[in-house]
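A.B. asks: Chain by chain, the residues:
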Amino acid sequence: MPIQMNAGDHISPHPGWVAVPSARRPMVNWARKKARAIATGMASADQYFKTLPGGRTLRNLLNDSTIWINYAPAMASFGAQSVAHPNEIAIGPSAFRIGRWTVLATLIHELAHVNGAPGGNDRRAEEALVNCGLGRQIEKTSGVDDPRTPYDPTIAG
Amino acid sequence: MKAYKHAGFILGLVVLILMIVAGCRLVSSSSAGITGGESNRVTGAASDAAKLPSPRIPPTTREAPPPTVSPRWWATADVVSATVMRVEGVAQATPGPRLAGYLIRPGTEQPLSPEHTRELVELVRFDSGFDDSIVKRCRPAESVGFRLLREGPSGTRSSTTTELVLCFGCEKLSIAVNGTDIHATYFDPSRNAFLSFVTRILPEDEELRKLR
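Order-wise, the sequence lines are chains A and B. Position 67 (the first sequence) corresponds to 67 in the numbering used here; numbering is contiguous. Here the numbering used here runs 1000 ahead of the position in the second sequence, where the first position is 1.
Chain A on its own, in the form it takes in the complex:
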């Protein structure tokens, strides 16, 4: 069974994280589907995820039904992972406002954390996007963000 979206059938142990509003669910469903297509069609995605401390592939994470995608209505950031409950991730309103590609990017970023990518000033979670085709290598090497891609080289943690 695949990674699950909280549609009211889950009570997240992380305070303040709730079911994804019905109006937002199509975007999350699209992001899950797109992430699976990336995991299947882009070898670099699984290869990169295997290098993270958790050692799991993106495909494996997307097939893990114990991972829940929640909604964090009060969160200003794009998304977050719960430290105490590492299989709980949340997407915030700002990601939805920007659009489905940012929701997808946030999902991939948070799955990198589920797979052990550190927070703080570490860049590995965000660099997962480059290896999933959601950013260009030149952005990473030059440090200049291309606004046409969801990857942002200034994002740390």
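To be clear, the hints were calculated from the coordinates, so they are not data collected in a lab. Computed from a prediction, not measured in an experiment: that's the story for all the values here. The reader is advised that the hints may include incorrect statements.
Listed next, the stretches of chain B that the computed footprint assigns to chain A, with coverage defined by at least 3 CB atoms under 8 Å from CB atoms of chain A [what the hints assert, rightly or not]: (1) 1127–1134; (2) 1169–1183.
Here are the simulated distance ranges between beta carbons [unchecked claim]: (3) B:Q1110 with A:S44: 16 to 24 Å; (4) B:R1200 with A:S44: 43 to 51 Å; (5) A:A84 with B:T1083: 31 to 39 Å; (6) B:R1209 with A:P21: 14 to 22 Å.
We put the beta carbon where it would ideally sit given N, CA and C, even for glycine.
Mind docking chain B on chain A? Use the hints.
C.D. replies: Below, chain B without anything else, positioned relative to chain A:
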């Protein structure tokens, strides 16, 4: 008479022991006096500094906090002086001098008064002001950095530098010691307090004044 003699002897012994202990404390707490004259050590509110001793870290473990001491407390112990500057969250590939991983804006570093340094340490040590329960994905925005010079372990002349960065885009506090990242946390619960603080110490900074 004999009883008085014994009592006197015991009293004298107690006084002698107390004097030895007091002498030892005086030697161990004497400051290197980096700025000369009266010690300018700031370790949070004066009354609190008296109640809560700074964690004494053996020199061999100076580079990493002991597991029982919060990095926010350990990294702000024994502060002698501090500076403040504007910094920016940039990509790793962007060249330039860094403070806790953030790019330093040239020409913005300035001294922080002892009073403001004490206030900063208090804010950083306020345990309820931080959220360690999540790891965020967010874009950095207006950021302020602090460089804290801390005196070395007692009996040594060495000093340690702690770098703190407050990013108001992510409400993230980043801490580095001697150039090595040691901790990051989020100050969402105390955002208003930190914002009030930085706008007071940098009153002419228009970008910070626009933040809500």
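A.B. asks: All the hints need checking, so say for each whether the structure fits it.
C.D. replies: Against the structure, the hints:
1. 1127–1134: Held - the segment 1127–1134 of chain B has 3 residues with a Cβ nearer than 8 Å to chain A, which meets the minimum of three.
2. 1169–1183: Contact hint for the segment 1169–1183 of chain B vs chain A: holds, 6 residues under 8 Å.
3. B:Q1110 with A:S44: 16 to 24 Å: violated (46 Å)
4. B:R1200 with A:S44: 43 to 51 Å: holds (49 Å)
5. A:A84 with B:T1083: 31 to 39 Å: The hinted range 31 to 39 Å holds for A84 of chain A and T1083 of chain B, with Cβ atoms some 36 Å apart.
6. B:R1209 with A:P21: 14 to 22 Å: At roughly 35 Å between Cβ atoms, P21 of chain A and R1209 of chain B fall outside 14 to 22 Å, so the hint is violated.
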